[in-house]
Amino acid sequence: MASETKQTTQQKAGEAARRAEGEGPPQTERGATRIADAVVAKVAGIAAREVAGVHELGGGVARALGGVAERVGAAVGAAGVADQRSQGVAVEVGQREAAVDLTMVIEYGESIPEVSEAVRNNVIKRVEGITGLAVTEVNVSVNDLYFPGDEQPEEQRVE
Amino acid sequence: MSSQTEDSAAPRPARAGSPRSRLARVALQAALRLDEVGCGLAGRGRVWATVDAGELLPGVVAAARPDGRFDLELHLVAQWPVGSLDELADRARVDVQREARRTGLEDVLGAVAIAFEDVRELGASGEGTG
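Chains A and B are the protein sequences, given in the same order.
Last residue of the first sequence: number 159 in the numbering used here, and the count goes up by one each step with no gaps.
Last residue of the second sequence: number 130 in the numbering used here, and the count goes up by one each step with no gaps.
To be clear, the hints were calculated from the coordinates, so they are not data collected in a lab.
Since we're looking at a predicted model, the values are computed, not measured.
Beta carbons are placed, not taken as given, at the ideal position from N, Cα and C, and that holds for glycine.
A few of these clues could be false.
[What the hints assert, rightly or not] Computed list of lysine to aspartate or glutamate pairs in DMTMM-like fashion (alpha-carbon distance at most 25 Å, straight line): (1) A:K125 / B:E106; (2) A:K125 / A:E114; (3) A:K125 / A:E97; (4) A:K125 / B:E87; (5) A:K125 / B:D67; (6) A:K125 / B:E55; (7) A:K125 / A:E50; (8) A:K125 / B:D90; (9) A:K125 / A:D101; (10) A:K125 / A:D37; (11) A:K125 / B:D71.
[Stated by the list, open to error] To give an idea of the interface, some chain B residues facing chain A are shown, with a C-beta separation under 7 Å as derived from the structure: (12) G68; (13) G104; (14) D107; (15) V108; (16) A111; (17) A113; (18) F116; (19) L122.
Given the sequences, and given the hints that come with them, work out the whole structure.
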């Protein structure tokens, strides 16, 4: 059950980062400002979740691992805490540009193209506004649909 | 009998310590007063930290320069919702300069580099000590 609007490869995303290689972080006479990749990923994740119709981010494995990590309090985030805000988000970040790959679950009944486009627009708006990086592309992969009641625990098949 | 108590959570005034560590404290406190700055991040191994008056200050490094000044690095966690991080960094730099001037440390203040290491939302778990 996967609908993929991803049209480019990770290589293309990497080009954005490589184009800016060799330049340092934005430097003023008073000092430099650096923004960690984790910040870009988290902003993109929050921006995606702001869009109506997005149920959650991440593939099945990522969501399962994220759930386990959250329950045991494992350190998986940049700040050393379990964090779902950047789950399902991969970023390539250069000094001036960024490319974002998102994997998400959308609510059943929503238009996948419309939700994907809304996500793309909001991610670009947020990431560019907050970090000052130009977003070259936002690739959206919809890997599942959410149906109300899906969060109910499955019945055990064996006793 | 001493009435002094240990309370690392309570902000302490800039006192004691070397000019380097006092400057680090003043800078970190100035940055943390901004609403959009959640905390400092010491990072793995606590390499982004300075000790002042026996207290670990997570998220700030002060390094001596040949001219007697100290360059500062602030490793911060932004607090969602947040606007432009570049503008926030500029505001932090201005506040650090103002506080350094107010506390008589302006003459030892060098460049202020600011790194945003993470973003956190209100109510999210996690501490800034890395």
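To see whether the hints hold, each was checked on the structure:
| no. | hint | result |
| --- | --- | --- |
| 1 | A:K125 / B:E106 | violated (38 Å) |
| 2 | A:K125 / A:E114 | holds (16 Å) |
| 3 | A:K125 / A:E97 | holds (13 Å) |
| 4 | A:K125 / B:E87 | holds (16 Å) |
| 5 | A:K125 / B:D67 | violated (43 Å) |
| 6 | A:K125 / B:E55 | violated (40 Å) |
| 7 | A:K125 / A:E50 | holds (12 Å) |
| 8 | A:K125 / B:D90 | holds (21 Å) |
| 9 | A:K125 / A:D101 | holds (15 Å) |
| 10 | A:K125 / A:D37 | holds (17 Å) |
| 11 | A:K125 / B:D71 | violated (34 Å) |
| 12 | G68 | violated (18 Å) |
| 13 | G104 | violated (19 Å) |
| 14 | D107 | violated (16 Å) |
| 15 | V108 | violated (15 Å) |
| 16 | A111 | holds (4 Å) |
| 17 | A113 | holds (4 Å) |
| 18 | F116 | holds (5 Å) |
| 19 | L122 | violated (12 Å) |
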